[in-house]
Amino acid sequence: MSEAITIARPYALAAFEQAKRGGVLKTWSELLEAATAAVNDAQVAALVSNPRVAAGQVESLMIALCGGKVGSDGQNFIKLLIEAHRLAVLPEIAEQFEALRAEEEKSVDVMVSSAFDLNDAQKLKIAAALKTKLGREIRLSSEINKDLLGGIVIRAGDKVIDGSARTRLAEMASALA
Numbered sequence: 139m140s141e142a143i144t145i146a147r148p149y150a151l152a153a154f155e156q157a158k159r160g161g162v163l164k165t166w167s168e169l170l171e172a173a174t175a176a177v178n179d180a181q182v183a184a185l186v187s188n189p190r191v192a193a194g195q196v197e198s199l200m201i202a203l204c205g206g207k208v209g210s211d212g213q214n215f216i217k218l219l220i221e222a223h224r225l226a227v228l229p230e231i232a233e234q235f236e237a238l239r240a241e242e243e244k245s246v247d248v249m250v251s252s253a254f255d256l257n258d259a260q261k262l263k264i265a266a267a268l269k270t271k272l273g274r275e276i277r278l279s280s281e282i283n284k285d286l287l288g289g290i291v292i293r294a295g296d297k298v299i300d301g302s303a304r305t306r307l308a309e310m311a312s313a314l315a
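Take any residue in the sequence shown, count from 1 to its spot, add 138: that is its number in my numbering.
Just so you know, nobody snuck in bad clues.
Cross-link-like lysine-lysine pairs, in silico, BS3-like; alpha carbons within 30 Å at most:
| hint | residue 1 | residue 2 |
| --- | --- | --- |
| 1 | 271 | 158 |
| 2 | 297 | 271 |
| 3 | 244 | 297 |
| 4 | 261 | 271 |
| 5 | 164 | 217 |
| 6 | 297 | 261 |
| 7 | 297 | 263 |
| 8 | 263 | 284 |
| 9 | 263 | 244 |
| 10 | 269 | 297 |
| 11 | 284 | 269 |
| 12 | 297 | 158 |
| 13 | 217 | 158 |
| 14 | 269 | 244 |
Using C-beta positions, here's what the derived DEER-type ranges look like:
| hint | residue 1 | residue 2 | range |
| --- | --- | --- | --- |
| 15 | 209 | 242 | 16 to 24 Å |
| 16 | 202 | 226 | 13 to 21 Å |
| 17 | 263 | 214 | 41 to 49 Å |
| 18 | 222 | 247 | 24 to 32 Å |
| 19 | 311 | 247 | 30 to 38 Å |
| 20 | 209 | 310 | 52 to 60 Å |
| 21 | 306 | 281 | 15 to 23 Å |
| 22 | 199 | 304 | 38 to 46 Å |
| 23 | 282 | 306 | 17 to 25 Å |
Bear in mind the hints are in silico, worked out from the structure with no lab data behind them. Backbone N, C-alpha and C define an ideal beta-carbon position, used for all residues, glycine too.
Could you build all of it, start to finish, from the sequences and the hints given here?
What follows is the structure, given as structure tokens:
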């Protein structure tokens, strides 16, 4: 795992610098997301790792799977990864690229887990409070997790704010024991 992260770092940095120069960070994010989804597919992974399949065929397949998100720089990047036998580290490249992008844009991806569906007003209130606390733009997404019983759990980068009823009950049980 750490080896893949180390291998991915220079590729992510090169992709980020190229995207930043061209002012197309969002486009590159979409490209890397699509390419990652492609290599994570079991059938595509089997085809890509098959030594009998020519690099040109793999390149054509990857470009087709990425749809219209691939410009000439993107094609060259995918070709480079294929030639260097680095398609397997695409998920790590995409993850590191997104971290660099978030730093550049002074933003953070936030996942809010709740026992119930949050309405738009609640999401806006949470995003506004986090923006004040973290000093960054917030890209908020939410999920329903019935195991929480109530409350919310917020994950922003490496920070976790656990306001779930389940955690509160566990803390009370521990204090009473």
